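Engineer: As they're listed, the protein sequences go chains C and U.
According to the working numbering, the first sequence holds residues 1 to 112 in order.
According to the working numbering, the second sequence holds residues 1 to 111 in order.
Don't read these hints as lab results, they were simulated from the structure.
On a predicted model such as this, the values are computed, not experimentally measured, just so you know.
Yeah, the Cβ is synthetic: ideal placement off N, Cα and C, and Gly gets one too.
Check the hints yourself; a few may be wrong.
Over 12 Å on every C-beta distance to chain U, these chain C residues come out as not near it, computed from the model [stated by the list, open to error]:
no.: 1; residue: 8
no.: 2; residue: 63
no.: 3; residue: 80
A few chain C residues facing chain U, derived, Cβ under 10 Å [said to hold, decoys possible]:
no.: 4; residue: 33
no.: 5; residue: 42
no.: 6; residue: 43
no.: 7; residue: 55
no.: 8; residue: 93
no.: 9; residue: 94
no.: 10; residue: 95
no.: 11; residue: 97
no.: 12; residue: 103
no.: 13; residue: 105
no.: 14; residue: 106
no.: 15; residue: 108
Computed footprint of chain C on chain U; a stretch qualifies when at least three of its residues, placed anywhere within it, have a C-beta under 8 Å from a C-beta of chain C [what the hints assert, rightly or not]:
no.: 16; stretch: 39 to 45
no.: 17; stretch: 84 to 96
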Amino acid sequence: DAGVIQSPRHEVTEMGQEVTLRCKPISGHNSLFWYRQTMMRGLELLIYFNNNVPIDDSGMPEDRFSAKMPNASFSTLKIQPSEPRDSAVYFCASSSGYSPLHFGNGTRLTVT
Amino acid sequence: GIQVEQSPPDLILQEGANSTLRCNFSDSVNNLQWFHQNPWGQLINLFYIPSGTKQNGRLSATTVATERYSLLYISSSQTTDSGVYFCAVGAPGGATNKLIFGTGTLLAAQP
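When you get a sec, could you build the whole thing from the sequences and use the hints?
Structural biologist: As C-alpha cells, then:
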C-alpha cells in the first residue's frame, strides 16, 4: 500500500485566503485523524472520523476550520479565512480497529 | 486530561551506543504508541504497546501500565536513528487512536 497520502506537501498563502488540505487514507482503514504540529503546542488532534462520520471535533481551534470526509478514501481540512497563526504542519493519519496509527508526510502551511 | 512526560528532552549519542527513553503518563491508558519523527518530518510508528514488551531489530519497548510508564530502548545507535521520539497515549473510553502526544525526546546520533 502507498500509505497515507497528503497534498499538497507545501502551501504558502496570504492571510485571508482559503486553504484546502487533502488526505487519502490507507485502503481499508476506517478511522481518519487530522493532527497539527507547531513548536509551541506540539502535536495536537484537531478532529477524527470513524466510518466517514466526524466523531470528535473538539480540537478544531475555531469556526474558520472545517473538515469533511465524503467517502472512505478522501478527506479535506479547510481553513477559511487563513491567518498567520495557522502556520503549522498538518498531518493526516489513519488506522483500523486496534491497530497502530499511520501518518502521512504532512502539509507544511505558511500563511503570510 | 492525561499528562504525558518524556525524558530526557535531548540526547546526544555516539554511534554504537545504547540509550533508554522514558515516557510517564498521569492516568490509566488503553493505548500507547511510540513514534519516530525523522529529520525530514516524517512520523513513523515504531510500536503499538499498551502493555508488555516488544522488539523490532535494534529497538525494543516495554510498557508497565500499572506503574504508568513506558521505556524505549535503542541499541547500537546509528546516525539514521536521529530525530524526535514521541510517546503517545489514549485514554480509556476514547477512540483507539485519539492520542495525546508527549513533547518528545530529541536524539542526535553522531558518527
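Engineer: State for each hint whether it applies.
Structural biologist: Hint check:
With a least beta-carbon separation of about 14 Å from chain U, residue 8 of chain C lies farther than 12 Å from that chain, consistent with its non-interface assignment. At the 12 Å boundary, the C-beta of residue 63 of chain C stays outside the reach of chain U, the nearest C-beta of that chain being 22 Å off. Listed as a non-interface residue, residue 80 of chain C keeps its Cβ farther than 12 Å from every Cβ of chain U; the least gap is roughly 25 Å. Using the Cβ-Cβ criterion of 10 Å, the hint placing residue 33 of chain C at the interface with chain U is satisfied: the shortest such distance is roughly 6 Å.
Taking 10 Å as the C-beta cut-off, the interface hint given for residue 42 of chain C holds, the closest approach to chain U being about 6 Å. Look at residue 43 of chain C: its Cβ gets to within about 4 Å of chain U, closer than 10 Å, so that hint holds up. With 10 Å as the threshold, the beta carbon of residue 55 of chain C comes within range of chain U, its nearest partner Cβ sitting at about 7 Å, so the hint holds. For residue 93 of chain C, the interface hint holds, since its Cβ comes within 10 Å of a Cβ in chain U; the closest pair sits about 7 Å apart.
This hint holds: residue 94 of chain C has a C-beta 9 Å from the nearest C-beta of chain U, less than the 10 Å allowed. Because the closest C-beta pair between residue 95 of chain C and chain U is about 5 Å apart, less than 10 Å, the hint holds. A distance limit of 10 Å between C-beta atoms decides the matter here; for residue 97 of chain C the minimum to chain U is near 7 Å, and the interface restraint holds. Restraint check, residue 103 of chain C versus chain U: the minimum CB separation of about 4 Å is within 10 Å; hint holds.
Evaluation of the residue 105 of chain C hint against chain U yields a held restraint, the C-beta minimum of about 6 Å falling below 10 Å. Annotation: residue 106 of chain C was flagged as interfacial toward chain U, and the flag holds, the nearest CB pair being 6 Å apart, inside 10 Å. Interface restraint check for residue 108 of chain C: the shortest CB-CB distance to chain U comes to about 8 Å, inside 10 Å, so the restraint holds. Look at the stretch 39 to 45 of chain U against chain C: 5 of its residues bring a Cβ nearer than 8 Å to a Cβ of that chain, three or more, so the hint holds.
Residue count for the stretch 84 to 96 of chain U with a Cβ under 8 Å from a Cβ of chain C: 4. That meets the three needed, and the coverage hint holds.
In the structure shown, no violation is registered for any of the earlier numbered hints.
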